[in-house]
Structure formats: structure tokens, C-alpha cells
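Novice: Sequence:
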Amino acid sequence: MTARFGMVAVGLVLEHVKKLNVFKEITEIYILVPALIGLKRNLEMILASRLPTHICVGGNLVAVQASRLSTILHQQCKPGEFQGITQY
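First residue of the sequence shown? That's 42 in our numbering, and the numbers climb one at a time after it.
Read the hints as simulated data drawn from the structure, not as lab findings.
Just so you know, even glycine gets a beta-carbon here, dropped at the ideal spot from N, CA and C.
One thing to keep in mind: the hints can contain errors.
[To be verified] Restraint-style ranges between C-beta atoms, simulated for each label pair:
{"#": "1", "residue 1": "92", "residue 2": "68", "range": "34 to 40 Å"}
{"#": "2", "residue 1": "71", "residue 2": "47", "range": "16 to 22 Å"}
{"#": "3", "residue 1": "104", "residue 2": "60", "range": "39 to 45 Å"}
{"#": "4", "residue 1": "108", "residue 2": "67", "range": "35 to 41 Å"}
{"#": "5", "residue 1": "90", "residue 2": "112", "range": "18 to 24 Å"}
Just need the whole structure built from these sequences, with the hints factored in.
Specialist: As C-alpha cells, then:
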């Protein structure tokens, strides 16, 4: 039921977004919209299937997600940004 509300929200947002200049200038961008909506749905299903499994195994979900987030943030930073930190 939540997924249905999400898809309705995506449709409402798309109604407002299609008025932007980029959709008027590059009409082929409409081809990407269904693929991106499908990708969003796939990612939601992956999370929905893995979350109960992780909880049943007894893992610390907050620690795992914080670790993943910090890894992503460190990968996104530019080389030399943290020059004051000692490397081990």
C-alpha cells in the first residue's frame, strides 16, 4: 500500500517536472523516466527483502548502515581534503 502512494507521488512530481525546460529541449529524456521509476521500485524491493533477514540474524542495523554511509562519503571526497589526518 505504501508503494502505491509512492507511485502516485512520483506521478504528481512528474506532472510538475515535465514543465521544466530540460524536458522541452530534450524530448528523449521522457524515455528515461519509466526506467528510473522501475529502478526505484527494484531498490525498494531489495531493501524490503533484506531488512527482515538482517533483523532476524541479529545484526546491528544502525552500525552497518552508518559504516556503509561513512564508506560512501569517504569515497566521494577529493584526494587531499583531509591533509591534517594521519594515515595508517
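Novice: All hints are to be evaluated individually against the structure, with a verdict given for each.
Specialist: Here is how each hint holds up against the structure:
no. : hint                 : verdict
1   : 92 x 68: 34 to 40 Å  : 39 Å, holds
2   : 71 x 47: 16 to 22 Å  : 20 Å, holds
3   : 104 x 60: 39 to 45 Å : 43 Å, holds
4   : 108 x 67: 35 to 41 Å : 39 Å, holds
5   : 90 x 112: 18 to 24 Å : 22 Å, holds
The structure agrees with every numbered hint stated previously.
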